[in-house]
Structures are given as C-alpha cells and as structure tokens.
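Asks: Heads up: the protein sequence lines correspond to chains A and B, in order.
Residue numbers are given in the working numbering: position 361 of the first sequence equals residue 361, and the series is strictly consecutive.
Residue numbers are given in the working numbering: position 690 of the second sequence equals residue 1103, and the series is strictly consecutive.
Keep in mind that the hints were calculated from the coordinates and are not lab data.
None of the values given here were measured: they were computed from a predicted structure.
Errors might be hidden in some of the hints.
Facing chain B, a subset of chain A residues (Cβ under 8 angstroms, in silico) [claimed, not checked]:
hint, residue
1, Arg9
2, Ile13
3, Pro277
4, Cys344
5, Thr348
6, Glu352
7, His359
8, Leu389
9, Pro391
Beta carbons are placed, not taken as given, at the ideal position from N, Cα and C, and that holds for glycine.
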Amino acid sequence: MLMTHILLRHRDIPDINKLNVYKSNGGFEAFKKVVTKMKPGEVTDAVKASGLRGRGGAGFPTGVKWSFIDNKIWPHYVVANADESEPGTFKDREIMESNPFQFLEGVAIASYAVGANAAYVYLRGEFWQVAKFLDEKIAEMGEAGVLGENLFGTDYSLHIYTHLGAGAYICGEETAMLESIEGKRGTPRIRPPFPAVYGLYGKPTVVNNVETLTNLPMILANGADWYKNMGTPDSAGVKVFSLSGRVRKPGNYELPFGTTFRQLIYEHGGGVQEGRPVKAIMPAGASSSFIAADEKVLDTQMDYAAVRTLGADLGSASVIVIDDTVSMDWVINKTIHFFKHESCGKCTPCREGTYWMMHLIEDIRDGGHSTDNVDLLLNVAKQMQNKCLCPLGEFSTMAVVTGIERFAQDFTK
Amino acid sequence: MTKQVTLTIDGKQVTVPDGMLVVDAAKEAGIDIPVFCYHPKMEPVGMCRMCLVEIGRPVMDRTTGKPILDDKGEPKLQFLPKLETACTNPVSEGMVVYTQSEKAEAGQKSTIEFLLTSHPLDCPICDKGGECPLQNLTMAYGPGKSRFLFDEKMHLAKMVPLGELIYLDQERCIQCARCIRFQDEVAGDAVLGFDERGRSTQIVSLSDPGFDSVFSGNTTDICPVGALTTADFRFGARPWELSSSASICSQCPVGCNITFNTRREAMSDGKIVIKRVMPRQNEEVNEIWMCDKGRFAYHYAESEKRLSKPLIRKDGKLSRASWDAATQAAGEAIAKAKKDLVVLASGRLSNEDLFNLKSFADQVEGKAVLYTHMGGGDLVSLVGVGQGTNFGAMGAGTTIVVVASDLYEEAPVWYLRVKQAVQRGAALIVANPRETKLDRYASFVIRYSYGDEVRTVHDLTKKGKVGDAFAKAENAVILFGSDGLGLDGSTALATACARALNDTEHAGKPNNGLIGVWQRANDQGAWEIGFRPEENLVGALKGKTVYVVGADPAGDDPALVRALHGTEFVIAQDLFETETAKLADVVLPAQAYTEREGTFTSGERRVQRFYPAVPALDGTRPDFAITSQVARQASVILEGTSASVVFDILAEDIKSFAGLNYAKLAEVKPQRPIVGRGDLYYGGTTYENKFGLGVQLSSAADRSEKFTLPRVQKVEELRPKEKKLLAVPVTKLYDRGVTVESAKLLNQRIGEAFVALHPSAAEQLGVEAGERVKLSLDGVSEDVVVKIDETISTGVVLVPRSMGLPISAPAEASLKAAKKVSVRA
Ligand SMILES: Cc1cc2nc3c(=O)[nH]c(=O)nc-3n(C[C@H](O)[C@H](O)[C@H](O)COP(=O)(O)O)c2cc1C
Ligand code: SF4
Ligand code: SF4
Ligand code: SF4
Ligand code: FES
C-alpha cells in the first residue's frame, strides 16, 4: 500500500496546483536537471529503464516509443493525449485539474527527450474549462522561466499549446487526433507510417497519455530503480484506476500495479452496492471484454499481462463493476449504441457493423431474444473483427462477443 | 532504374518496381483484387476494406540479413493474424500474397455484405447499373443473400444537387471518399467533404456556387456506385444500350481523348444521338480525365438550328438551293476572283479540311487566312515543343513557364497536368497581369502590367533567381497565351518566348519548347498547314471574294460586318446560319466533327484521330468534301471522298507530318494504370484507348534544321491613359460560344456579360460588384455586370471574349454607371 501518492499528489499536498507550492515541493527540478545536465538520449534511456508503459490503453513501453522517433526528419512534436473519452475513464481530468504542473512538467521532459520545441495538449471539447485552466498554468510557467526560449540558460526552447477537440471519441486515437490538430476531420490514418515517423504535420511525433507523462517528473527525480521497485515485473510503477459501476465508492484510486481486483473493489471501492456479488468486470471501460468474475478472478493481480490471461485487456484501467442485478444484454446495448454513435464512418466494417449490431440488439431486447438474432449478432461482431481500419471498430465488438459467449443465459430470456 | 522486387501472388511470380502497392502488382500479374476506395491515380487510404488479402513476409535472420528457411528449404513466412489491405501495403522481396484463399475471400465477402446493409439496391433504375463496381463485385465476391432485415434499411435523400451539374444520391454512396480525394489531390479544387460521422456520413459540397470546379464530371467516372451522376446523363440511358466511338475533344487545344456514347433516342425522333461524353485514356494528353466543358458542351450538333440545305442569295434573300447549284455558284465566284480569293478559316476545322482549303487557295493564288486573335504558331513549329514531350513525365529539373494565360479557364486539363508536374518537383513560373488560379502552385509569380509581356519574357533570360530557374533548368517549356493581347501583341510575345527558349537551348528535345494556348482545338494544325492570320483583316477583305469556313467574323465584331459588306462575294460554310452566313451570297451546310472522321493537331502538336460517332445530319457534308466540290467548279481537283486520303496527301506535302498516316495515328501501346479491362472498379468508367494515341509532330529544332527567329516586332503599346480606360480581352471557359450556349446545363455557369475592374476604378464610377454599367467599345455600347479584380491595375477593364462584346485586341473603352435599379430579390 502506498503511503503517499505519486500522481494524485494533490491528495497529499494542498494547493499543489499553485506554482509556488508545486515549486517548493521540488517542482520543475527534474525538468531543469534534464535540460541542464542530461542529453536527450539519456532521458530516454532512463525512462526505458524505469519500465514505464503507456497509460493510454495499449501499455506500450514509453521509452521504447520515444526511441523510434525519426532523427532524420525535423522538427519533432510531442502531443499529450488528454482526450479521455472512454466511458468509465476519468483519471486524466483529475490530474490536469488538481496536479497540472506535474503533468505539464512531464510534457516538457518528454519534449526535451525527443527534441521537440513545441508540444500540444489535445483535450476533448467538453474539457474547455480544463483547457482554459491549463492555459493559465502554461502562462505561469512561461513567466517563471520554465517554458519559453533558452530555458535554464541553454539553447533549448519549448512552447506548449492546448487544443480542443469537438466532441468525438475517435479523436483519442492518436492519428485521428493528429488530423484534428491539423484542422481536418478527426479520422484515423492508415498505419504504418507511425507518428514517430509521420506524425503531426507529417513530422515525427510522440503521442503520450496524460497519466503517462505525469509519471515522468517523479521518475527523473527519483530514478528508474525507485520506480521499477513499485508494481510488478511486467508492469512497473503505479496506476490510477478509475473505478465505477455498482460499487459503493466509485472514484480514482492510485495504486501499484499488482493490486488485485478484490483489493480495488472491496478495500478501496467499499464493495458492491447492497453487498451483492460481482458478476462481471470490464477492466478497460466500454472497450472491454467482460471478465466473468469468480474468486480466482478477484484475486488476480492487475497488470497488463495478468489481465490478458483472463481473456481481456487492462487498457486504461477503467474498472467497471457489474453485479447480478444487471443483465449483459442491457450492458451491450449501451456499448453498441456508444460505438455506433462514435464510429467515425471511415471504414466499412465499423460504420456498417455498429449500425447493424445496434439494430440487432434492439430487436433482441424488444423482440423476445430470438436465438437467431443473438447468433447473428455474435456472427456480425466476429465478422467485424480484424477487419477495421482502427481499433475503435474492434473495441465495439469486445463486449458483444464476450457478453454473448460468457453470459449466454442473459440472452435466452 | 528503381530496384525491382519479386513476389508471389496466388502462386504466380511477379517482378515489379520496389514500392509498388500489392494491388497494383497483382494487376500487373493479371490478378484483379477488388477495390472501392483505392484508385491508382490517388493516394491509398485503406478505408473501404474491400481489398483484404493474406500477406506473408519472409522471416529474416537479423545477423545475416537473409531469409530463414524451413525444413523444406523454403523461406519461412510470417503472416499477421489480421487480413491486410492490398491497397496500402507495398510489395517486398519474397512476399507471398493470397488473394483468393478461404480467409481472404471471407474478408472480401464480409465487406460486400456490410456495404449492402445500407445500400438501396436500386440497380434497375440506377444510372450506374451495368457498369457499376458495386454491382459487379457483389456478383463476384458477395454473399448472394442478405442477412440484414429490409425494414431497417436507411432511407436518405435520392437527389441532392451538389451543384447544377452533379447530383448526389445519398443512399447509394458508400463513403469511399474517391470524389473528395479527386477534388483535393487531382483537381486541386477541394470543394467536397464529408459531413457528420459514422453511418450518417454524407458527401457535401463546401463551395458557393456548389461543386465549384471545372473537373466535377470526373467524380462521376470514378464513383464506384451510382451516387454521383451528371445532371446531363441522369436517367438518360442504360449503359448497355450505348455504343461508343473514339474521338477528340474540340473545345480547346489540349485535345483530350474522349469517347462519345450514343443511342437511338425516342426523345430525338428516333435519331441516334450522343448521350454522354467520357474520357478515354491517353496518359500523355489527358490521362483519364477531362473538363466539364468538354463533357457537357456537345449538344450543339443536335441543335434544331443546324443548316441542312445549301442556300443561295436570290433577289437579296437567301433561299434553298441544290448542292450542285450552290457549289457551282461558289466555284464560279472563286474562279473569277483567282488571286482575289480570301479563304478565312478557323482552327475549329480538321487538318484535312484546312489542307484542302489551303491547297485550293494556293492553286488559285488566293490567300489562306487564319481567323484568330492570336499569333505565333509558326514559331511553335520551329522551336517545339519537342517530339516526346509529356507533362506526365515532367518533374524535378523541368521549369514550366505560363505567360499571359489563365490556364484553368483556357485549357483546364493542362492546368491539371502542370499542377501535377509541380507536385512531382517541376518549377513553375506564372507571369500574368492578374491573379490566376495557377498562381498558388507557382515557385515564382510575376505580375506585370498589360503591355509588358515581352519585357517580362525577356527578363527570364537575365541573371537572378527567376532567370536562373528558367535558363539553367535542364528542361523548360513555355505556355503562352493571349490574356489581354490581340494578334500583334501575342505575336510579339510568342517571338520573345521562342527566342528565350532558343537562346537558353530549350528547343529541339523532349519536354522543351513552346506551346500556344490557342482558342480553338486545331489552331496549331492550321499554322502547320500554312494558314496565317492577317494583321489588318478589315483591309484584307476589301473587294475580295471571301470563303469563310468554320468562323463567324460578323458575329464577333461589327467592324467585320462592315468589312464583309465591302467584299465582292461571300461564301459561308458552317453548321449554323451564323451572322456571317446571313450576309453571304452562298451558304454551304457542313457536318459536325462528331458526324465524320478527321484529325486535329493539339497545342502540344500531337496529331490525333477522331471517328464518326453519329450519322450525319441529312443534307450536310464534311468540310473537306465541300471544298473539293467547290474547287472542282473552279477547275481545281482536290481529294474529296476520303479523309484518310486527304491526310496522306497532306503528309506528303507538309514536312512536319512526313511519314504519318491514319494507321500510325491509330496505334496504341500499353498504358499505366491499366484501365478498361472490364474492371470498372479499378480506374473507373474511363475508356481504354484502343483507337490511337496519336503522334507528336517534330519541330524544326527536332529535325536540326537551320532557322532564324524573327526579331520581336515593336507593338504599339496600348497603355491606359489618364482618365481613360483600356479594355483588354480575357478568355473564360464558359463563354457564349455556340457549343456552350447550346448546352443548357452550362448556361447557368456562363452568367451574364461582365467587365472586371479594380476596386478603386469601381469606386470612382460609383458602382459595386454585381451592379450594371454601360460599356462603350468599338462604337458599340452594352449593359454589363461589374466584377471586381483587385489584382489588375486601375486603368484597365477586363472584357471577356466570346460573350457578345466586340473585343479582339486591347482597345480604349468607356464605362458609365447604368441607372440604378434595385436588383435585390
Ligand atoms: C478509439 C480509441 C480511443 C482512444 N482514446 C484515448 C484517450 O482518450 N486517451 C488516451 O490517452 N489514449 C487513447 N487512445 C490510445 C491512443 O491512440 C494512444 O495509443 C495513446 O494516447 C498513446 O499514449 P501512451 O503510449 O502514453 O499510452 C485511444 C485509442 C483508440 C483506438
Ligand atoms: S474502425 Fe470505426 S472509428 Fe476506426 S476508422 Fe473505421 S469507422 Fe472509423
Ligand atoms: S459519392 Fe461516390 S465517390 Fe463519393 S464517397 Fe460516395 S461512393 Fe465514393
Ligand atoms: S481540357 Fe480542353 S480538350 Fe480537354 S475536355 Fe476540356 S476543353 Fe476539351
Ligand atoms: S481498403 Fe483497399 S481498396 Fe479500399
């Protein structure tokens, strides 16, 4: 159990969102150290050594991602992914609202490491207040001399800009986000080329999640080993788990990787409402596969590898708890409608498939759960899999396939 | 040469250039991978997921860099768990592709099934039915049976005008974005976009007026469904009822290769008529594109107003006569006139027509005068462009200069090709007295004042950034036009251009030399054959016997009406009873070029054949045949039965045509991309070229002939004078020419006759854009609409050609604000 927070430090230090408070608690020291004492490559190596993995969903090793950046093409950019649109995910918002400087310092460190002189924070449109708040904080940093030209007396310069989306989940997908920043429709690009080679305005770009970036000042301040000592061998460090669903105390919980579902739900989340049993867990928000809960599952230590053994992905660790009052056809009706609404429409299987699935689940729920329709729904979802242009289309099928396969009884009323 | 890689597709080994996409490599191997969004002329986007295939790549040993072998000694292959899109993956050495495996076919089938869940399947009433990629691919790859409940199909608007030329059927659209990408990437007019998202995604026009691009028709060719249709062809015919004939567009000097689709038409009294015009592939001319003027301005040949009987003036009135009587009257008049004959013909005519006319004039020692406002074609024959010139092959190392021409309006497909060359790395210098659309692609924009053309071109050979870009370029081409120029001005400009090219050794080789942006399709052909314009046309006609063919001087200029009144005898040969015909002594009804065969010489000096598409209107004859008949009456014997024989004689007579004949012009060779193999989904409905790519003429420089270029003649520089306005002629694509006027569809784009003024000139007159002024020019005054152009100088007023305003060269004009009438609706 953690004594103090590493990411949600505002819970330990009041007013850390004020520049002087942040500074008096060691703020910007890490950034100053890297700019004045370290070569960019050394920063990348330190992050590699820490074992930090991306918190945006895929869990890709952050330092490794940085090392892919193409040094033959310039300029480079860093984009902080603050789109946070996954239903059930609400961690980045808390970080940005309450511990903004640590996040922005993380952006600055990442920018230095990859040689970017401009970084963008891309926020979902609904976060316009957060964006305004961050703009103020960015301005304060500029006044304090930690952003701008010739930082700390070196020739390194950095500017950070916020950019608001216009209300599309798909803009959390990194290439759609880049299109959106460029002023185009936010629809995913074909990959490869990856952003590290062809990113924002066609230039090498690193995209990292807010939480990923917020780890950086602490890692650079305390060292890779310190960080690695937390968490599990597969997944180093701490994670903010967004807990929601039928729990008594939903909210963000910053815990080391390796915390069990049981600890999260019962010790931190206060257990299930009305003391009911956990029926299913969606570990990654609406994009999740359902895990059918049993004792073994509840005792599984949450990290990227372990959750995969349960036939699901940890993703952004947005743990939605479902109890036995909830029927799975109701849940997938929600997820399908969400994805049908959010499909960007660029590729055929997702554009047409989500629409078709929506009709089928509505028919199933209105029309007495005909097994033909359930079979067809399962078949359509599987037919979409592995064919979409971007992961959103695949996400839309996860709950459907695992819901029908793992909770067949809920579809045979 | 680029590196070649060898891969195996469905068991077939293919060797193709490195970097080629799997889908194109398969095409080379004769294997068709189904596609919807992919188009070989545009960047791949991988959206539709139709081209799903299995791709295996050899596993490489990191240390040796060699493929790891399995127990059988074969390279070990790695397949992704997912199917991959053949349209986005480039080939690599040793790659193995399965396009028809069980897994691949299941993937392709699923995409069709998904597409059909929202598709109306109104094939029986769809214009695309019969040549529809979705229809064809459904038959070949689809599931055959729908699992989607019919009641839940989307129902959307079936007739959404994107502009007045193109309609969208929202139900049929499969969101492949080909139309958007064509407009963005190929045409450079980014006027289409997607609105909404997911299943609500819809194509919208982003411009005002709607779909504001002269290339809009091409989107209907490449739309893989019947979502985009032209207002012209919409519900016009079923594709399988159509016959096709190869032809050449006659609207401008580009010479786009086209196909006329024809059908017997109840609405036209059972006559066989043209139903639509489609592009025909010629990668060296128009690729697979054409402009909307070429596509829609073909209705004139069906006009009720066509002449079908010869006319002879009797007692002051034109009355019907027999061919024998009419040709005899004409022939006798010419026999009497001898060297007092003036043949006045235009580049609307074919090479064969012009050759017969020129031979006729020569034999009676008369004069063959080209009816044009633009000079310099003789210089083009000298300095090129060189044989083998192809905009499609220009890129880095080539400098293209465009001077005194608004290419988008005057020769749209050249605009497109120049833009493409720039995107491949060619340098572009645009020198114009006003802003044109091409400016945005230019490396250098030169803005000179009307009258400074020659000096501007002269500066190209001087040291400096622009001069170096031109003079030091490996290859250089100049396209010169006549923006603001009359005959003498454009001749001087052409001379300056020819000299600049010659001095910098940019002549006599491919991708070098001079191109005239002529007003008519075959102006260059007329120059080659020996027609020359007449500086003082009014004077040249005085007291002569004038044989006017394919031109309407009286309709263009009141001064020429007067001149024609002062002639001895006038013979008019035309499709219509033009103003000139109305004052002629003999009128001879000619065939439209769509009714006969012949050849045109394009601005790039490519001689190309056109073939008969529709039966000739009863009573009409081809121009070359009429000329032969008239000549016979004047005891001159000319070939009059076969266009191809006329051409043979022409080729013997005219050096640049030496060795050519109809068979040579009809030769084809393989072209990339491969289109027209019945795989409409790959390239679109453009026609494969089976009837000839044409042959480019050699220039004197190509033949290493010695020639001296004339000095640049000093032109009386007309400059705006204090308190006076200088009217300068400019060319618009959609004008009041007879071809455009008869195309009702385009009429809306023509608009009213206008003048364009500098804002401060307008202010002085007290008028605003859209208001009317009275223009007095050449003794005529007309009410015209005011447009504003900030990029011209205050003393000039732009006057469009062929809009009923008498302007052939710069001239003094005056403007008066018309009485204000409220035009607000
Ligand atoms: C449909 C979709 C939505 C996504 N939404 C988010 C998001 O809201 N926030 C986020 O950080 N990453 C999101 N991602 C993941 C990003 O594409 C990207 O992988 C991530 O920002 C990389 O940062 P990381 O390496 O720090 O995890 C999304 C991905 C997909 C396919
Ligand atoms: S999978 Fe869905 S969201 Fe992703 S590109 Fe395709 S349509 Fe757009
Ligand atoms: S209108 Fe045609 S070309 Fe355009 S997106 Fe729809 S289907 Fe594709
Ligand atoms: S560019 Fe010229 S030749 Fe080509 S279609 Fe248009 S008018 Fe005809
Ligand atoms: S995805 Fe390859 S053709 Fe559309």
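Asks: Would the stated hint for Thr348 of chain A survive a check requiring a Cβ distance to chain B of less than 8 angstroms?
Replies: The hint holds - Thr348 of chain A has a Cβ within 8 angstroms of chain B, the shortest such distance being about 5 angstroms.
Asks: Pro277 of chain A was flagged as interface toward chain B. Is the shortest Cβ-Cβ separation under 8 angstroms?
Replies: Violated. Min distance 35 angstroms.
Asks: Can you verify the interface hint for Arg9 of chain A: is its Cβ closer than 8 angstroms to any Cβ in chain B?
Replies: Check failed: Cβ of Arg9 of chain A comes no nearer than 38 angstroms to chain B, outside 8 angstroms.
Asks: Classify the hint on Leu389 of chain A as holds or violated, based on whether any CB of chain B lies nearer than 8 angstroms to its CB.
Replies: With Cβ-Cβ at 6 angstroms, under 8 angstroms, it holds.
Asks: Next item in the hint list is Glu352 of chain A. Is there a CB on chain B closer than 8 angstroms to its CB?
Replies: Holds: closest Cβ of chain B sits about 4 angstroms from Glu352 of chain A, inside 8 angstroms.
Asks: Is the interface hint satisfied for His359 of chain A? The criterion is a beta-carbon contact with chain B at less than 8 angstroms.
Replies: holds, 5 angstroms
Asks: Against chain B, is Cys344 of chain A within 8 angstroms by beta-carbon distance?
Replies: Holds, about 5 angstroms.
Asks: Minimum Cβ distance from Pro391 of chain A to chain B below 8 angstroms?
Replies: violated, 11 angstroms
Asks: Answer holds if the nearest beta-carbon of chain B is closer than 8 angstroms to that of Ile13 of chain A; otherwise answer violated.
Replies: Because about 42 angstroms separates Ile13 of chain A from the closest Cβ in chain B, which is outside the 8 angstroms limit, the hint is violated.
Comparing the model with each numbered hint stated earlier shows that hints 1, 2, 3 and 9 do not hold.
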